[in-house]
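Novice: Here is how the chains run, residue by residue.
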Amino acid sequence: GEDVEQSLFLSVREGDSSVINCTYTDSSSTYLYWYKQEPGAGLQLLTYIFSNMDMKQDQRLTVLLNKKDKHLSLRIADTQTGDSAIYFCAGAYSGGYQKVTFGTGTKLQVIP
Amino acid sequence: NAGVTQTPKFQVLKTGQSMTLQCAQDMNHEYMSWYRQDPGMGLRLIHYSVGAGITDQGEVPNGYNVSRSTTEDFPLRLLSAAPSQTSVYFCASTSGQGGINYGYTFGSGTRLTVV
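Residue numbers (our numbering), protein chains in the order written: chain X, 1 to 112; chain R, 1 to 115.
No lab work stands behind these hints: they were computed from the structure.
As the structure is a prediction and not an experimental result, all values here were calculated from the model.
Check the hints yourself; a few may be wrong.
To be verified - Derived DSBU-like pairs: lysine-lysine, alpha-carbon spacing no greater than 35 angstroms straight-line:
1) K99/X - K14/R
2) K9/R - K99/X
3) K107/X - K56/X
4) K67/X - K56/X
5) K99/X - K36/X
6) K14/R - K107/X
7) K36/X - K9/R
8) K14/R - K36/X
9) K107/X - K9/R
As the list claims (entries may be wrong) - Residues of chain R placed beyond 12 angstroms of chain X at every Cβ, according to the derived structure:
10) P8
11) Q11
12) L13
13) K14
14) G16
15) T20
16) Q22
17) N28
18) G53
19) S67
20) L78
21) S84
22) L112
23) T113
Quick reminder that beta carbons are idealized off the backbone N, C-alpha and C, glycines included.
Could you build all of it, start to finish, from the sequences and the hints given here?
Specialist: Spelled out as structure tokens, the structure:
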């Protein structure tokens, strides 16, 4: 199985960059994901990265994958108050792509 | 295109009662899953399905049943509700085309309280 760990809380000033970190245990993890959850809502898929990639960029979002250290990060450039939410790292390992394991989430607070 | 629809949005049950949480998707997705979300514990997988007629247990299946008679629907049944099942329940689906999981689409959740 897979364990995914994240820090619980991050506070940044509006306009700064945010970096949310995640570590995972299963070296066979093939797909890794970042989700965003706003209060009272479901989870929204932000982006995914495959294990054969080191980096993926999508507008203000940059995902970095360090397979050696089993470390995944999400960088949000020019963070806005609308980015305040809980961010979940998740992974699916090669033995069961449909069984996605989630971290406990990082609450991002953006200070105006 | 409604995506993943969950009903009801809120429910209060008495201990020992049974109920079914409904989940339907209109995206012709093969993979569907049920998760529960509890404070400080992230999301935990209850049951999942890779297609109509095929279901399997996740991390925390005890006290729950599922069935998948059609591609669209994946109901979750609580057999005899317990206070420990107080949680927010999320249904999710993804196409699984080519055996690749590009990420789940989630419903808006059912907030269940068992008293």
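Novice: Would you check the hint for K36/X and K9/R, treating anything up to 35 angstroms between C-alpha atoms as holding?
Specialist: holds, 20 angstroms
Novice: Against chain X, does S84/R hold up as non-interface, every C-beta pair farther apart than 12 angstroms?
Specialist: holds, 19 angstroms
Novice: Taking the minimum C-beta separation from N28/R to chain X, is that value above 12 angstroms?
Specialist: holds, 16 angstroms
Novice: Taking C-beta pairs only, is L78/R more than 12 angstroms away from all of chain X?
Specialist: holds, 20 angstroms
Novice: Holds or violated: is the Cβ of S67/R farther than 12 angstroms from all Cβ atoms of chain X?
Specialist: S67/R clear of chain X: closest Cβ-Cβ about 17 angstroms, beyond 12 angstroms.
Novice: Mind checking the alpha carbons of K67/X and K56/X for me, to see if they're no more than 35 angstroms apart?
Specialist: holds, 14 angstroms
Novice: Was T113/R rightly flagged as not at the interface, with every chain X Cβ beyond 12 angstroms?
Specialist: holds, 15 angstroms
Novice: Taking 12 angstroms as the cut and beta carbons as the points, is Q22/R off the interface with chain X?
Specialist: Per Cβ check, Q22/R is outside 12 angstroms of chain X; nearest 15 angstroms; holds.
Novice: Please settle this one: P8/R was flagged as non-interface, so is its CB more than 12 angstroms from every CB on chain X?
Specialist: About 15 angstroms separates P8/R from the closest Cβ of chain X, which puts it past 12 angstroms; holds.
Novice: With d taken as the least Cβ-Cβ distance between T20/R and chain X, does d exceed 12 angstroms?
Specialist: holds, 19 angstroms
Novice: Between K99/X and K36/X, is the straight-line Cα distance small enough, at 35 angstroms or below?
Specialist: Between K99/X and K36/X the Cα gap is close to 19 angstroms, so the pair holds against 35 angstroms.
Novice: Far enough from chain X: is every CB of that chain over 12 angstroms from the CB of G16/R?
Specialist: holds, 29 angstroms
The structure meets every hint from the earlier list without exception.
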